[in-house]
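Enquirer: Going by numbering that gives the first Met the number 0, the first residue of the sequence shown is number 0, and it counts up by one from there.
I should point out that these hints are in silico values taken from the structure, not numbers from a laboratory. Think of the CB as a built atom: it goes at the ideal place given N, C-alpha and C, for glycine as much as any other residue. Honestly, I wouldn't trust all of these hints.
[Unchecked claim] Restraint ranges, calculated between C-beta atoms of paired labels, are given here:
#1 E292 with R264: 35 to 41 angstroms
#2 K30 with S271: 40 to 46 angstroms
#3 A155 with E292: 25 to 31 angstroms
#4 R298 with D158: 29 to 35 angstroms
#5 E184 with A324: 30 to 36 angstroms
#6 D150 with R72: 44 to 50 angstroms
#7 K160 with E116: 45 to 51 angstroms
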Amino acid sequence: MMNIHHAMKIGPAKINDLFGRLADTSDGASKKRETIFAELASELHLVAELEEKHLLPMLAKHEETKALAAAAREDNKAILRQLKELGQVPKDGDAFTQGLASLRKAFQQSVRDDRKELLPAVQKVLSREEATSVAGKMQSGAAQAEQDRRDEANQAKADAKAAREEVQREAEAAQAVERTREAAEQASREAARQAATTIRQASDAVGDAAREGAGRMAEGVRRATASLGDAAGIYREAASSTAGDLQAVASASNVAVRGLAEVRRHWNEHLSTTLQEGVALSQRLMRCKTGREVAEAQRDYARSATRAWLASQVKILEAAQRITADALPTLQARLGEGQGQRDGATPAAR
Numbered sequence: 000m001m002n003i004h005h006a007m008k009i010g011p012a013k014i015n016d017l018f019g020r021l022a023d024t025s026d027g028a029s030k031k032r033e034t035i036f037a038e039l040a041s042e043l044h045l046v047a048e049l050e051e052k053h054l055l056p057m058l059a060k061h062e063e064t065k066a067l068a069a070a071a072r073e074d075n076k077a078i079l080r081q082l083k084e085l086g087q088v089p090k091d092g093d094a095f096t097q098g099l100a101s102l103r104k105a106f107q108q109s110v111r112d113d114r115k116e117l118l119p120a121v122q123k124v125l126s127r128e129e130a131t132s133v134a135g136k137m138q139s140g141a142a143q144a145e146q147d148r149r150d151e152a153n154q155a156k157a158d159a160k161a162a163r164e165e166v167q168r169e170a171e172a173a174q175a176v177e178r179t180r181e182a183a184e185q186a187s188r189e190a191a192r193q194a195a196t197t198i199r200q201a202s203d204a205v206g207d208a209a210r211e212g213a214g215r216m217a218e219g220v221r222r223a224t225a226s227l228g229d230a231a232g233i234y235r236e237a238a239s240s241t242a243g244d245l246q247a248v249a250s251a252s253n254v255a256v257r258g259l260a261e262v263r264r265h266w267n268e269h270l271s272t273t274l275q276e277g278v279a280l281s282q283r284l285m286r287c288k289t290g291r292e293v294a295e296a297q298r299d300y301a302r303s304a305t306r307a308w309l310a311s312q313v314k315i316l317e318a319a320q321r322i323t324a325d326a327l328p329t330l331q332a333r334l335g336e337g338q339g340q341r342d343g344a345t346p347a348a349r
């Protein structure tokens, strides 16, 4: 067990070392001074606290040392007041250097007084058991304070690490949102391309039918010129046939326009749904705390986005099918009528 003499020397030795380190710093090292000064203040408070809690109450019980205990309390209070005043002084000028020298001088005088007066009185009035008990309590208090400081430092490191991880997690979530957005845009572009292809194919089918009708009209005109005797009748037939063909083409074109409007509406609905799901994903990712939660959020979004895309494709393809189904029967019927008219007119021409 440490004796009282050694117990009373530990704190002052560390404090004197801190005074020396502070004195060696320059005015330009204000941050370093702040750090060392904070440690010095902690040690001065600890020494005063341990004396007030364990040593001075024991001395105050004895008449011979009561006055010494009171004087020691006043010394501690004076040093702590001076410490507080110095803490408010900027650490980058002469005022701090001078204040530090004054505080150091006062502390060292207090240590000398303790060594010359307080320590002999302690050894005189306290029994060996009492002195050993006081020394043990002061040692335990100092050790606990040191452990508390280490725990606080470790907690500060852990908090800093958690803050960095939080920043990294938010950055990863933002990157995940960006990747998801890019994937959604790519899917949207692909869907638009496929929709355009489907619509173009439907339009091509309508155009083919129109061209076939025009070709049939030209054939009618050619036949009309081959027989001057039937020219007037053939001209009337060509005009009638052409009017019907053109009307069929116009009807098919109107169907295509209506179909395109329906495709555009389905596409806009898909874009709106994708945007809403993207916003919901962003909010969910910001609430994620682990990589697993981020992955699950992205998985759920991918599934939802894929199903939404497939649903929109089904609607667009169904619309394209309806365009074809609505337009082609009119053209095919007109083609059939034209074929019947040619078949009926052929014997007369001959």
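Enquirer: Evaluate each hint against the coordinates.
Expert: Status of each hint after checking the structure:
1. Roughly 36 angstroms separates the CB atoms of E292 and R264, a value that falls within the hinted 35 to 41 angstroms.
2. Taking the beta carbon of each, K30 and S271 are about 54 angstroms apart, not inside 40 to 46 angstroms as hinted.
3. Separation of A155 from E292 is about 27 angstroms and conforms to the stated range, judged on CB atoms against 25 to 31 angstroms.
4. Between R298 and D158 the C-beta distance comes to about 32 angstroms, which sits within the given range of 29 to 35 angstroms.
5. Between E184 and A324 the C-beta distance comes to about 32 angstroms, which sits within the given range of 30 to 36 angstroms.
6. The hinted range of 44 to 50 angstroms is not satisfied by D150 and R72, whose Cβ atoms lie roughly 30 angstroms apart.
7. For K160 paired with E116, a C-beta distance near 49 angstroms keeps the hint of 45 to 51 angstroms intact.
Taken one by one, the earlier hints fail for this structure at numbers 2 and 6, listed in ascending order.
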